[in-house]
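Number of protein chains: 2
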Amino acid sequence: MTETNLPENDDFELRSFLPFLLNQAAEQSSLEFQQVYKNRYGMLRTEWRVLFHLGNSGEMTAKQIGDLALIHKTKVSRAVAKLGQRRYLTRTRDERDRRSERLALTPTGEAVYRELRGIAEQYDARMAAKFTKGEVALLRVMLRRLAAME
Amino acid sequence: MTETNLPENDDFELRSFLPFLLNQAAEQSSLEFQQVYKNRYGMLRTEWRVLFHLGNSGEMTAKQIGDLALIHKTKVSRAVAKLGQRRYLTRTRDERDRRSERLALTPTGEAVYRELRGIAEQYDARMAAKFTKGEVALLRVMLRRLAAME
DNA sequence: GATTAATAGTTGATTTTGTAACTAACAAGC
DNA sequence: GCTTGTTAGTTACAAAATCAACTATTAATC
Numbered sequence: 009m010t011e012t013n014l015p016e017n018d019d020f021e022l023r024s025f026l027p028f029l030l031n032q033a034a035e036q037s038s039l040e041f042q043q044v045y046k047n048r049y050g051m052l053r054t055e056w057r058v059l060f061h062l063g064n065s066g067e068m069t070a071k072q073i074g075d076l077a078l079i080h081k082t083k084v085s086r087a088v089a090k091l092g093q094r095r096y097l098t099r100t101r102d103e104r105d106r107r108s109e110r111l112a113l114t115p116t117g118e119a120v121y122r123e124l125r126g127i128a129e130q131y132d133a134r135m136a137a138k139f140t141k142g143e144v145a146l147l148r149v150m151l152r153r154l155a156a157m158e
Numbered sequence: 009m010t011e012t013n014l015p016e017n018d019d020f021e022l023r024s025f026l027p028f029l030l031n032q033a034a035e036q037s038s039l040e041f042q043q044v045y046k047n048r049y050g051m052l053r054t055e056w057r058v059l060f061h062l063g064n065s066g067e068m069t070a071k072q073i074g075d076l077a078l079i080h081k082t083k084v085s086r087a088v089a090k091l092g093q094r095r096y097l098t099r100t101r102d103e104r105d106r107r108s109e110r111l112a113l114t115p116t117g118e119a120v121y122r123e124l125r126g127i128a129e130q131y132d133a134r135m136a137a138k139f140t141k142g143e144v145a146l147l148r149v150m151l152r153r154l155a156a157m158e
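From first to last, the protein sequence lines are chains A and B. Per this note's numbering, the first sequence starts with residue 9, numbered consecutively. Per this note's numbering, the second sequence starts with residue 9, numbered consecutively.
I should point out that these hints are in silico values taken from the structure, not numbers from a laboratory. Keep in mind that the hints are not guaranteed to be accurate.
Given that identical chains are not distinguished, each listed pair holds provided it fits within a single copy or across any two copies.
[To be verified] Only pairs whose alpha carbons sit at most 30 Å apart, straight line, appear in this in silico DSS-like list of lysine-lysine:
(1) Lys138 x Lys90
(2) Lys81 x Lys46
(3) Lys81 x Lys71
(4) Lys141 x Lys83
(5) Lys81 x Lys141
Since this is a predicted model, take the numbers as computed values, not measurements.
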């Protein structure tokens with residue numbers, strides 16, 4: 009009713025503000041998938057991400073995972089600890105640099121990874137299906153640029 | 009070196025997985041701006057978001073803000089409490105439904121909102137400048153659709 | 001109109017994250 | 001080879017988010 013003393017909406021639209029839109033889209037897109045790894049495997053988001061990187065790229069150190077996925081080392085450390093407890097991965101001291109450990113999925117870990125990856129692929133496909141191939145390709149390029157990954 | 013016993017990268021690329029990309033881009037885009045409202049006003053992300061919605065849409069209830077911004081009611085509640093303490097907003101019991109309160113920015117709150125909005129606009133423009141106008145328009149449409157806002 | 005269900009919002013307990021300080025191992029400079 | 005600096009990873013403590021239970025009010029049902 010009394011919007012008269014408000015700063016006049018001007019031309020600014022919150023609904024078009026990129027950080028806001030990115031956040032909403034990211035939130036929404038991870039929500040559904042979160043149910044899977046959370047309810048089915050009791051995993052946290054960081055754990056799922058670490059598992060995913062290991063499944064995807066093979067043997068890595070915690071440092072490498074953190075750098076690649078932009079996850080802080082304390083979060084990686086805790087995720088690795090939990091995944092280790094659940095026997096999803098093994099930790100082998102690197103004899104060339106005894107500060108770091110080479111992490112690798114166990115058969116159990118790989119099985120979980122494969123199932124989750126399958127679901128992820130379906131999910132990605134469903135999202136992509138909302139647009140044309142060209143649009144999705146452009147979207148990925150833009151997002152990658154915005155994430156400053158290139 | 010020994011990638012032989014790994015589940016063969018197949019055609020799946022984590023770096024192209026949409027929820028992952030969206031998350032990275034959203035994270036990156038809010039990081040720099042976070043410094044502003046955090047360091048300059050000691051605000052939390054949720055507080056900034058509540059302030060922003062109020063400044064943008066005028067008088068609202070906590071419920072409305074939560075629904076619009078996909079923020080859980082406990083987070084909204086605490087953010088509103090803090091913004092109230094700082095005299096950024098006033099809370100008026102709605103006499104038509106005495107469970108809810110009509111929230112509105114004070115002049116102080118509006119001033120803060122306006123400054124932050126200005127910075128946000130510049131930030132948005134800088135992000136948009138990475139692409140052509142057409143690309144950005146498409147990006148906004150796609151993000152809005154992915155956020156299931158339409 | 002009394003009872004039950006639903007809703008707006010708050011609060012306290014638990015979980016997760018973020019920040020700093022720490023250990024252990026390596027690297028560089030002298 | 002010994003001090004100084006750096007790096008991989010962990011841990012302790014503080015801050016924040018999540019979850020469950022709660023109050024107050026309204027709506028629905030009988």
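Hints, verified against the model:
Taking identical chains as interchangeable, the C-alpha atoms of Lys138 and Lys90 are never at most 30 Å apart, the minima being 36 Å within one chain and 40 Å between chains. Both within a single protomer and between protomers do Lys81 and Lys46 lie at most 30 Å apart by alpha-carbon distance, with minima of 22 Å and 22 Å respectively. In the homo-oligomer, the alpha carbons of Lys81 and Lys71 lie at most 30 Å apart inside one protomer (7 Å), although the nearest pairing across protomers, at 37 Å, exceeds that limit. For the identical chains of this complex, Lys141 and Lys83 are neighbours neither inside a copy (35 Å) nor across copies (38 Å), given an alpha-carbon limit of 30 Å.
In the homo-oligomer, the alpha carbons of Lys81 and Lys141 never lie at most 30 Å apart, since the shortest distance is 36 Å inside one protomer and 38 Å across protomers.
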